[in-house]
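Take a look at the letters that make up each chain.
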Amino acid sequence: MNILVIEDNDETAAYIASGLQQAGHAVAIAVDGPQGLLTLRRGHFDLLIVDRLLPGLDGLTVVQLIRDEGMNLPVLFLSALDGVDDRVKGLNAGGDDYLVKPFALRELQARVAALGRRKTKEILLRAGDLEMNLVTRRVCRGETEIELLPREWELLEYLLSNKGRLVTKKMLLEKIWGFHFDPRTNVVETHVSRLRQKIDKGFAVELIVTVRGSGYQINDPA
Amino acid sequence: MTQPKLFSTPTFRLILLSSAIFGFSAFAMYGVMDIAINRSMTRQMDAELQNDILTLSDNDGRMDRDRLVARVQGRIARHSRTGTFYLLQDEDGALLAGNLPPMKVPFNGTYDLPSPTSDPEHVLRAAGISLPNGLNLLIARDAYVLDEVADLMERTFGVGVLLTLVAALCSGVLISRRLQQRLETINRTSREIMSGDLGRRIPVNGNDHDFDELATNLNNMLARIEELMDGVRQVSDNIAHDMRTPLTRLRHYLERVRLSGVTVEEFRSAIDIALLSTDDLLEMFGALLRIAQIEARTPCADLQPLDLSALCEMVAETYGPVAESEGHRLASAIVPGLSIAGDKQLLTQMLVNLVENALQHNKTPIEVRILLHLPGNGGGPELTVTDNGVGIAQEEYANVLRRFYRVDASRSTQGSGLGLSMAEAIARYHGASLTLEDNGPGLRVLLRFPGKG
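So the protein lines, in turn, are chains F and R. The first sequence begins at 186 in our numbering and counts up by one. The second sequence begins at 3 in our numbering and counts up by one.
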């Protein structure tokens, strides 16, 4: 993807750029709001990563402006502020995701990958012989129909719609449980393990893969 | 306290001003009264004179000339020393009888005459009459009585006003000295506090309502400031101790790996471990910041209507499997449909902290219960998180709400020691009370939310 990063701190900008380049993206950097706007208007970008606090024009205003101009590329806010309202304000201004500093590169890469995926919602999600029908609300693995609890359903749907990409624990906590903090117990692990019991146990191929220290990923078997 | 300062206090100046206004109005009143009394007394004197003159001339004035002369002379003989003067003239102005020199005056009505003693202080008040038989009669009296009354009034008034002014000034001095003493007490206490003695309080002496209220309010404010200062001091102490320990441990670990490590794999796994410890540290800082942010908010501001029952159900449903995976149990009894004004994210975190706190502080299997109901006492919903584990000694209840405080001194168990402090900060932000109770066995955390309206 072609990504623009608007970040006034050189060190953070370099850190983000290195992470994104490692994941195979092309990165441009703007150091303040006005420069970021200019760059956005001139070039074509697939994703914008913008710091909330910027000299000149703050991140919220930049995003409001580009939304008013009709640019609909996905936006990821970065912020040192972890206030509850800050996140809400960021998302209301037209952001698609919100990441609080400091963050791990893996986390950034996973969020960028999730944001970059096609927005069209499919009716049938598949991985190998696992099929999830969002209309009939049925899940089958091969010939076996699987009963899922509501939360397990959401978990599987999120993993499947990000098939082939890492989904971090933090993303799952935010999207599935609405937890914007790190619980000290193994909430995600426990629930993923329950889901595995249902969709992987007794089958030859395990579809949900643990990415150590980061999160989970569902893959089509090779 | 210096004397010049006393006279320059606003209170004293105010009293001075009000005394001046009082003095001025007293003099104005005196002037008005002086004129009124003078007039009324003059009128009375005029009436007496006219009465007298009519009596003397027998009203009709048809008395014959000689008899009138004899009467006037008789009067002069009797009254010469009482300051009454008589004058009887004929048509040509010739003196017929009298103890005044003949004069050309209109012998009708009343008027002032210069005194025959040529003393300028003495003025005569006179009444004249032109009789039908052509004679002119005049009776005059010394008007010094009027002056004397005026003098008396002047003296009485002067002394009265003077006394009042002196009393006003004295009370001014007393009141401003008293005010200044109270203010000085407050000032002295403030200076002592500013120079570092935060424990000082303004004395409340119980007989001066306004000042006592001021002192009480200031004292309450000081107590709150001291509490906050203590909090800050405690946190910086905690940062020094609690943050330094893991940092030191990390440093030692890195140093050891640096000296003993050989393979890339060894270094890589060492870096992974180091990253995990830094993440823990960052999370601790994050939690501290979050508590500070919550405490900095105005209580109960920006709260939205929220289904508390649904929130509790969600946490119970999420943590049931977690408790099971750690060998514990989680049960819940949640009355549906209870809502409050709240912040969803913060309340979720609060409840999660309480549940995790119970799960993490018990090694042996326990049952954690989440209970939510509406007591019939008019208050808001009551949320209780109980466990039947080891609990906390009663004398530790106050301590465990402090930041970084952990019951086990060894700090061997996991956790930052911030979970309960954050829960309390969130409860306080929602206007709810958080109390710890003995669950016999175990701990009961009770949250009482404020009622609506």
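Honestly, the hints are just simulated from the structure, not real lab data. Virtual Cβ for every residue (Gly too), placed ideally from N, Cα, C. Certain hints may be false.
[To be verified] The following residues of chain F were derived to be distant from chain R, with all beta-carbon distances above 10 Å:
no.: 1; residue: Met256
no.: 2; residue: Asp270
no.: 3; residue: Asp314
no.: 4; residue: Arg336
no.: 5; residue: Asp367
[Unchecked claim] Straight line, CA to CA, 27 Å or less: simulated BS3-like cross-link-like pairs of lysine-lysine:
no.: 6; chain 1: F; residue 1: Lys306; chain 2: F; residue 2: Lys286
no.: 7; chain 1: F; residue 1: Lys386; chain 2: F; residue 2: Lys348
no.: 8; chain 1: F; residue 1: Lys360; chain 2: F; residue 2: Lys348
no.: 9; chain 1: F; residue 1: Lys360; chain 2: R; residue 2: Lys106
no.: 10; chain 1: F; residue 1: Lys306; chain 2: F; residue 2: Lys360
no.: 11; chain 1: R; residue 1: Lys346; chain 2: F; residue 2: Lys286
no.: 12; chain 1: F; residue 1: Lys348; chain 2: F; residue 2: Lys306
no.: 13; chain 1: F; residue 1: Lys274; chain 2: F; residue 2: Lys306
no.: 14; chain 1: F; residue 1: Lys274; chain 2: R; residue 2: Lys346
- Query: Are Lys274 of chain F and Lys346 of chain R close enough, with their CA atoms no more than 27 Å apart?
  - Reply: 15 Å, holds
- Query: Does the claim that Met256 of chain F lies outside the interface with chain R hold up, using a Cβ gap greater than 10 Å?
  - Reply: The claim holds: Met256 of chain F sits with its nearest Cβ about 29 Å from chain R, beyond 10 Å.
- Should the label of Asp314 of chain F as a non-interface residue stand, given a Cβ cut-off of 10 Å to chain R? 26 Å, holds
- Query: Does Lys306 of chain F pair with Lys286 of chain F here, judged by a C-alpha cut-off of 27 Å?
  - Reply: Violated - the C-alpha atoms of Lys286 of chain F and Lys306 of chain F are around 30 Å apart, more than 27 Å.
- Message: Given the hinted pair Lys360 of chain F and Lys106 of chain R, is their Cα-Cα distance within 27 Å?
- Response: 123 Å, violated
- Item | Status of the stated non-contact between Arg336 of chain F and chain R (beta carbon gap over 10 Å) | 7 Å, violated
- Item | Pair hint outcome, Lys346 of chain R versus Lys286 of chain F [Cα-Cα no greater than 27 Å] | 22 Å, holds
- Query: Asp367 of chain F: least C-beta distance to chain R exceeds 10 Å?
  - Reply: Violated: least Cβ distance 6 Å, not greater than 10 Å.
- Message: Between the alpha carbons of Lys348 of chain F and Lys306 of chain F, is the straight-line distance 27 Å or under?
- Response: At roughly 13 Å apart (the allowed maximum being 27 Å), Lys306 of chain F and Lys348 of chain F satisfy the hint.
- Would you say Asp270 of chain F is clear of chain R, with no C-beta pair closer than or equal to 10 Å? Contrary to the label, Asp270 of chain F does not stay out of reach of chain R, its closest Cβ about 7 Å off (not over 10 Å).
- Message: Holds or violated: Lys306 of chain F and Lys360 of chain F, Cα atoms, limit 27 Å.
- Response: 16 Å, holds
- Task: Take a quick look at whether Lys274 of chain F and Lys306 of chain F sit within 27 Å of each other, Cα to Cα.
- Result: 26 Å, holds
Violated hints, in rising order: 2, 4, 5, 6 and 9; the structure is consistent with all others.
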